[in-house]
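Number of protein chains: 2
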Amino acid sequence: MTKEPLDPANARLTIDCLRFLAADAVEQARSGHPGTPMEAAPMAYLLYRRHLRHNPADPHWPGRDRFVLSCGHASMLLYGALHLSGYALSLEDLRNFRQLGSPAAGHPEYGHAPGVETTTGPLGQGVAVSVGLALGARFLAEQASADLFNYRVYCLCSDGDLMEGVAGEAASLAGHLGLGNLILIYLDNRITIEGETRLAFSEQVAARFLAYDWQVQQVEGENLAEIEAALNAAKADPRPSLIIARTHIAPGAPTKQDSAEAHGAPLGAEELAATKRAYGWDPQLRFHVPEAVRAHMAACRERGARLQADWEERLAQAEAQPSPTLRAWLWGRAGELPDGCGDNLPRFVPSDGPLATRQASGIVLNALAARLPLLLGGSADLAPSTNTLLKGEDSFSRESSGRNLHFGVREHAMGAILNGLSHTPGLIAYGATFLIFSDYLRPPLRLAAMMGLAPIYVFTHDSIALGEDGPTHQPVEQLAGLRAVPNLRVIRPCDANETAEAWRLAVEHRTGPSALILSRQGLPVLDRERLAPAEGVRRGGYVLAEEEGQLRALLIATGAEVHVALAARELLQKEGIGTRVVSLPCWELFEEQDVAYRSAVLPPACAARVAVEAASPFGWERWVGEGGAVVAMRSYGASAPGAVLMKHFGFTAEALANKLRELLG
Amino acid sequence: MTKEPLDPANARLTIDCLRFLAADAVEQARSGHPGTPMEAAPMAYLLYRRHLRHNPADPHWPGRDRFVLSCGHASMLLYGALHLSGYALSLEDLRNFRQLGSPAAGHPEYGHAPGVETTTGPLGQGVAVSVGLALGARFLAEQASADLFNYRVYCLCSDGDLMEGVAGEAASLAGHLGLGNLILIYLDNRITIEGETRLAFSEQVAARFLAYDWQVQQVEGENLAEIEAALNAAKADPRPSLIIARTHIAPGAPTKQDSAEAHGAPLGAEELAATKRAYGWDPQLRFHVPEAVRAHMAACRERGARLQADWEERLAQAEAQPSPTLRAWLWGRAGELPDGCGDNLPRFVPSDGPLATRQASGIVLNALAARLPLLLGGSADLAPSTNTLLKGEDSFSRESSGRNLHFGVREHAMGAILNGLSHTPGLIAYGATFLIFSDYLRPPLRLAAMMGLAPIYVFTHDSIALGEDGPTHQPVEQLAGLRAVPNLRVIRPCDANETAEAWRLAVEHRTGPSALILSRQGLPVLDRERLAPAEGVRRGGYVLAEEEGQLRALLIATGAEVHVALAARELLQKEGIGTRVVSLPCWELFEEQDVAYRSAVLPPACAARVAVEAASPFGWERWVGEGGAVVAMRSYGASAPGAVLMKHFGFTAEALANKLRELLG
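Residue numbers (the working numbering), protein chains in the order written: chain P, 448 to 1112; chain V, 448 to 1112.
Excised from the complex, chain P in its bound form (with noise of 0.2 angstroms):
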């Protein structure tokens, strides 16, 4: 498409009510940011009616390239780029930009206007959000069809969102596997927040890009022709490839052009009527589209209709004998599993212990990846450590597009990887790395549960038990914090029985994403014949084990402590008193349940409640209510071996069964 000559009138007219579109919006919210829309009006142009293949008729259309706005407070540029474009996003939308209900948010969201990929607005993150695309991309090329998925994964981004650490990890996988189905324009405009880009960033971009094994361009951003030939020098790059665009922020506003003011405020109405009458545009006039501005966008939509229904031609003929992948994408495009991926998991019995729950994913999760060829994943240098290898795969290189990722000790990365893959139609992604280092990826998981995408994170190493690394890895408030958000389920399995039920959740459940805490130490697998089965996982919480005689306490537990539990539960029912162990591996879930079931579980009556868990109480008086204790870590952990701590910070039947006696008076 890039074929049909440039129409500098028509793309100059174009570019500009870009611009004013933007302009006028914050100006009519009297809120946003009109400067960086205005700057970048041009790329948007470039591509949106000369470069992506995309069809504005079907955003979802999944051999379209993707554009990422990764500077999102830029949404207007993208708001007007998608109207212009014939997006189901109409002028009025534009107008209410900023209002409850608008598809048009202050950021853009996923799934509130069409053609939005990737909900951004938190710096870095959509640049990482990107390289996950391009990965998937490539995966999906090389594993299912090179004709079907040889899309391209463009990205916008601001000097901000380079300075960010999560871009520059991303940004050196990208180049470490040759992501050469990735484009990154960076609008070097030389203004932040608190003024000149310069106070705080000096480095050399293009250096540290080239350092990366990136393609580097530099062009000028009101040069068309030099921004033409950049991105398709850029698209014959086997490289991943960074285009610096010199701009300047509020382009031809009198006063306001190259400074700070014009980054997150509105123009105000009498710089935005000069800067109109600059341009030769009627001061008037708000939100206008001139006819030749529509009649020379609507190739869009020609275009885009035409190059989707060549693809669906070819997937009639690929559909016609589909690979064991290919099928399984097609599975996953549907929203569907295969038929029995969850059930015939593993079943472990006794005699399998002690077992970590870490061990016990390993091998659930290879026996799901058996089935489900497009389940791909890895960890933050931690695959020894976290189970998570799968056996017999290749690893995702530059030569080869294994299902074994190395992400490298790039947490945060990972996160926003794992979003860039949960994005793509077919994929479940995975990512492992220690509980602890869920803080290095608390954005991309926030954003991810926001956005309704369903990655799946192996957090494993799970509390103090883990032994002598010591304070700085032992979690205390990590699941607390993961509980809070939400949106995602947190689970932590007792034993190996209840770890294959919470991947067997995971994988099912594409409507968010899932968090599975895993022990590094051994656990007994516990006797389910004696013991209520597993599958009470997924009402959240269970009665593992029923009170003999009258029902007077209580036993709360998630995890390794459900052992603990178990144990004090037998000193206690030796003195007669009834008391009850509740496993509460996943508490959203059990909240979902309703009130009867829960009653049931922890009845309201029986007031002797004590809850266990080697973590910060924060949080569990919901469970015990006001008569009951929580039994967990009021500080940091200590540098011993795993058995001496749990004995040392109070996690022992004695304890427990010494705080239900004190609570019975």
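Since the hints were made in silico from the structure, they are not lab data. The reader is advised that the hints may include incorrect statements.
Remember, identical chains collapse to one label, so a pair may be satisfied in a single copy or spanning two.
In silico DMTMM-like cross-links for lysine to aspartate or glutamate, where the CA-CA straight-line distance does not exceed 20 angstroms [said to hold, decoys possible]: (1) Lys1021 / Glu1101; (2) Lys1094 / Asp505; (3) Lys838 / Glu643; (4) Lys838 / Glu708; (5) Lys682 / Glu667; (6) Lys682 / Glu846; (7) Lys838 / Glu1017; (8) Lys450 / Asp684; (9) Lys450 / Asp757.
Knowing the structure of chain P, use the given hints to seat chain V on it.
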């Protein structure tokens, strides 16, 4: 001291001794990381014996050079070097490596072993903390005394450190600021946990650091003369310096050198014996320190005593005619604040309002800064929004060591740099960003809390009420996540006077970090003649508005929602329902109060309690009990004007009153 010629025989003996102290300790503990200490022993030797200006007899000497082991898993290297240099760390301590109560913890823990400058383990942190230490040194040298604070910061790191984004952020800033007092040694052993480093990391590190404007040198990791020359060149260069040392993990181990196996597990008795034989050591000897090594290393103590004595003399001279800054430093060193510093803070009256607490914060901060010459800080490119600029003060730049820091859009590095500044005696450091971006700096925030450092976080834009920027910018789970962190104080003031009290608490509290949670939107300044005084903040929570008549209902709130609670109280009192409003800005402080006070504020007999906070309800059960309710956010926010959102999500006086009417039946 580097004028003394190298003594190759004793150097080699000491280096091998360091290697086997590490390998023996890991073997004894049956846990730990032998390979890296073995490879880095030459650098540790050269630093501790020849380059570091340190005094083992006084690890707190403020004029010492700092050494940070960013690859904290190599802790035994540090313990060995400290032991041999004459720090109060015995061979017995080393034998108890990784055991409960031993100062020789699994990773270096600040405050456990003498000479550990900062807690490390989570990768990347040590590099970024070193940048903060170097920044602090340059600040003191320029502001207080070039003669007293000309110390250097040395940091040893691994590939994992350099893969982490936080290290990239900090290195970019260090190059930008030209921190020539910083020397980073990178152990390029080409091995990671998952195998060879090139599985995930093939960028050109040297070129990247040149792009950051660092000096870069490459050496062979066993070549003492080469390393020595590089250290001397690094000291002479005005830029921060990176020395890339090509090393081999577990050098000399016959089967495990250059293998990932040597990273995180003992070598094994046989391999260790073979390694000792290869070095000409007696395999029978464990924890062996040859007499020649003791004699050779005795120089550290002698030289250290001399260096410190010289320094104390210079200090005594300076003390005779101290500059205001040096006087402030002397206070800070003694852990004191200037008299009356917290008194006479700005007070606000209702006619000052409406005033956002971020605005009040800016006024109070500037008042404090006028009295505290060593209070410094800045924001991650949001100073105009977080109101954290110190008026009339210079920026910290390459040319000038002013008190206004510009971190750039690098929240994570900001957090770690604050730790480095907080390690620097005398300095009080603050860092600002939007509350949502606290997610980016959780790892260093946790380390600050664990170490008992006292940076002050200024987190503004604290709820959905920030409005149009939408869900990506609206905190929901962040308050709960922060409250779960042990030893962190989270303070969310409700008006300008509570904000002043919050700042006072933060500045006075020097054994843990404080997070101030501030509003974007304007809030009334409460009439303290009618309501309780804002000094109640000092107890964490207090009765802001007493009930009229018999107490029947309790409203508990923080921050902006206190005003909604007050309005709801009006509604209920009109109906004759005695309603009390409790302001609970700091849970941690309130929990520290005795039971009598807490019960006086929240009488247990009053079960009709409603808590209101425009954030996740997670954790609020603690205060409302089983009979109460929480009006909070159960989802992510939305993009619309703040007042519209507060209504939309149910934060209205009417909704609160209704909830209480329901509870009262």
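Status of the hints after comparison with the structure:
no.: 1; hint: Lys1021 / Glu1101; result: within (13 angstroms within a copy, 53 angstroms between copies)
no.: 2; hint: Lys1094 / Asp505; result: neither (59 angstroms within a copy, 35 angstroms between copies)
no.: 3; hint: Lys838 / Glu643; result: between (51 angstroms within a copy, 18 angstroms between copies)
no.: 4; hint: Lys838 / Glu708; result: between (55 angstroms within a copy, 19 angstroms between copies)
no.: 5; hint: Lys682 / Glu667; result: within (19 angstroms within a copy, 40 angstroms between copies)
no.: 6; hint: Lys682 / Glu846; result: within (19 angstroms within a copy, 42 angstroms between copies)
no.: 7; hint: Lys838 / Glu1017; result: neither (40 angstroms within a copy, 66 angstroms between copies)
no.: 8; hint: Lys450 / Asp684; result: within (18 angstroms within a copy, 52 angstroms between copies)
no.: 9; hint: Lys450 / Asp757; result: within (18 angstroms within a copy, 75 angstroms between copies)
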